[in-house]
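The lines below spell out each chain.
Number of protein chains: 2
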Amino acid sequence: MIDHRLLAFEAVLQEGSFERAARRLALTQSAVSQRVKLLEAELGQVLLVRSKPARPTPAGRRLLPYLAQLRLMEAEARRALAPRQAHGPLRLAVGVNADSLATWFIGAVAEVVQEEGLVLDCVVDDQDHTHALLAEGEVLGCVSTRPDPMRGCAAERLGVMPYLCAAAPDFRARWFPRGLTRNALEQAPAIVFGRHDDMHEVFLRRHFGLDAGHYPHHVVPSSEGFMAFAVAGLGYGFIPELQARAHLARGELVDLAPEREDVVLYWHHWQVQSPVMARLAQAIGDAAGRALDR
Amino acid sequence: MIDHRLLAFEAVLQEGSFERAARRLALTQSAVSQRVKLLEAELGQVLLVRSKPARPTPAGRRLLPYLAQLRLMEAEARRALAPRQAHGPLRLAVGVNADSLATWFIGAVAEVVQEEGLVLDCVVDDQDHTHALLAEGEVLGCVSTRPDPMRGCAAERLGVMPYLCAAAPDFRARWFPRGLTRNALEQAPAIVFGRHDDMHEVFLRRHFGLDAGHYPHHVVPSSEGFMAFAVAGLGYGFIPELQARAHLARGELVDLAPEREDVVLYWHHWQVQSPVMARLAQAIGDAAGRALDR
DNA sequence: AATTCACAGTAGAAATTCTGATGATCGACC
DNA sequence: GGTCGATCATCAGAATTTCTACTGTGAATT
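Going down the list, the protein sequences come from chains U and G.
Our numbering numbers the first residue of the first sequence as 3 and each following residue consecutively.
Our numbering numbers the first residue of the second sequence as 3 and each following residue consecutively.
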């Protein structure tokens, strides 16, 4: 139902080349080439940079969000027409930061997902990176730390997610026998989530005047992995209070510092919304209100 | 860019028959018939009742809003790609009640319309009827008195529009020498806006216990006409305070009763929004905040 | 310089979609 | 109750679009 030419354009981007796009669409490379050319002619803009892998031109990039919205709208229209038929569940791509996914997010969306028969396509990335996913139309909504919405989007404040500095008890005994001192912090192996993750650095700089890069650290881009690292006594790091709570209670982790690093989360979404997206946003807002601090 | 079959379906509805739709689309009747049939087959639903004029089935009706949204999105996408090119201005259909249009509405949208290069398609109807226009996809947003949004839509409170009971001074002297009495009200010719307009009845019932239909009344479905009727001394009726103000000052009208009939207005819109719709909603909200009471 | 790779272009084949003719259905009217 | 007029469905073939198979070109690789 969506224009063939748009689908070809999208496939080339996702597959990286005309040939693989053709394979996916069960066409020849030539046909894909023609479709894309036609689309470019109609819009009067070059949409693809023919490199490997193929990349969108600025114009092409601006087209992507509309494609995602088109998809959603088509799916919605079909549901509105034949609500009880199984069209295959509606697939919604959303960007979530790993810690939200590991803590409050699933509970937040569970009910809506069930009732509306959705399939969520959770794209996990760092807090601030989820925003880029939205800009490129890869997701229709995302949890982000950025407060300002892009043009065409809206943002709602979800709440504050406090992180605490934690480690296994024996890790503390070994590395921080006298508490968090500048010296100890320069030696003790930290755990950070990912490359874009600057919470640890901010903490070290703010409270101990330590500069970036001057501390040994594991990089563990997985919420569960992060936790497991900490519990295993391999390092110390910032863990969402929500997630740490049970482990603290069981004595597997200890709280190293009174300070909390607060991360303010926002729900960003294209204003397509559609009934389902509106419900989802509502549910996320509600659940965040319950799970997060103000 | 929008699916041919959808366009055929729409044209048949707008023109009332397959033949005229074919003429508009520069096709044969046969082609239109085939397109519609194809669409119906794809969706697994009959969309059109083949009567004269052709009407949508319930399924067809549910499809209409999506068509309107599709249109908007396509226009938006084109603008996003080539902002400076003149694509022909973006056409936005909005439902407005006559009194808003005659008073605050134009000022509210003027700036956005200019800056974004829009063409507004104002559909004027009674306060509550504008809602139906939204449901059928005829408009993308509307000013209505209904507070509750439909599924897939959102509603924002704009403010209160107070109406006062007014007439020309000589009309008062002639019909209401002793003020508004039950007897006089049963005799004096009222002016009401339209068939769906129940403000006058509500007023008579609430304050004087008069039943519906027991008063003579002109029906004048035009805001200016309504005003002219009143100024000419042909009747009395409820006029927006905003609109009456100048006439009261000039002595052309007098205020007949201390009571005000308050109409609460809401802005309803499909959640497509799109950047332009978002700006429009913002502007309308702002202007309403200035022009209307809380 | 030769080779490989990836996309553009072209001609004819295939598929789609249109036209024009015909048939079915329904209501109006005599 | 039959006929006419109007309107939509259906069908076969024409027209158009879109695809495939193949060739050409330029850039990267060796």
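Heads up, some of the hints might be wrong.
Each pair may be met inside one copy or between any two copies, as identical chains are not told apart.
[Unchecked claim] Listed below are the simulated SDA-like cross-link pairs for lysine to any residue, each with C-alpha atoms no more than 20 Å apart in a straight line:
#1 K54 / E263
#2 K39 / E76
#3 K39 / R207
#4 K39 / I4
#5 K39 / A84
#6 K54 / H249
#7 K39 / S225
Derived by calculation from the structure, the hints in this document are not laboratory data.
Against the structure, the hints:
no. : hint       : in the structure
1   : K54 / E263 : neither (41 Å within a copy, 68 Å between copies)
2   : K39 / E76  : between (24 Å within a copy, 19 Å between copies)
3   : K39 / R207 : neither (52 Å within a copy, 68 Å between copies)
4   : K39 / I4   : both (17 Å within a copy, 18 Å between copies)
5   : K39 / A84  : between (36 Å within a copy, 17 Å between copies)
6   : K54 / H249 : neither (47 Å within a copy, 72 Å between copies)
7   : K39 / S225 : neither (44 Å within a copy, 52 Å between copies)
Figure legend: structure checked against the earlier numbered hints; hints not met, in rising order: 1, 3, 6 and 7.
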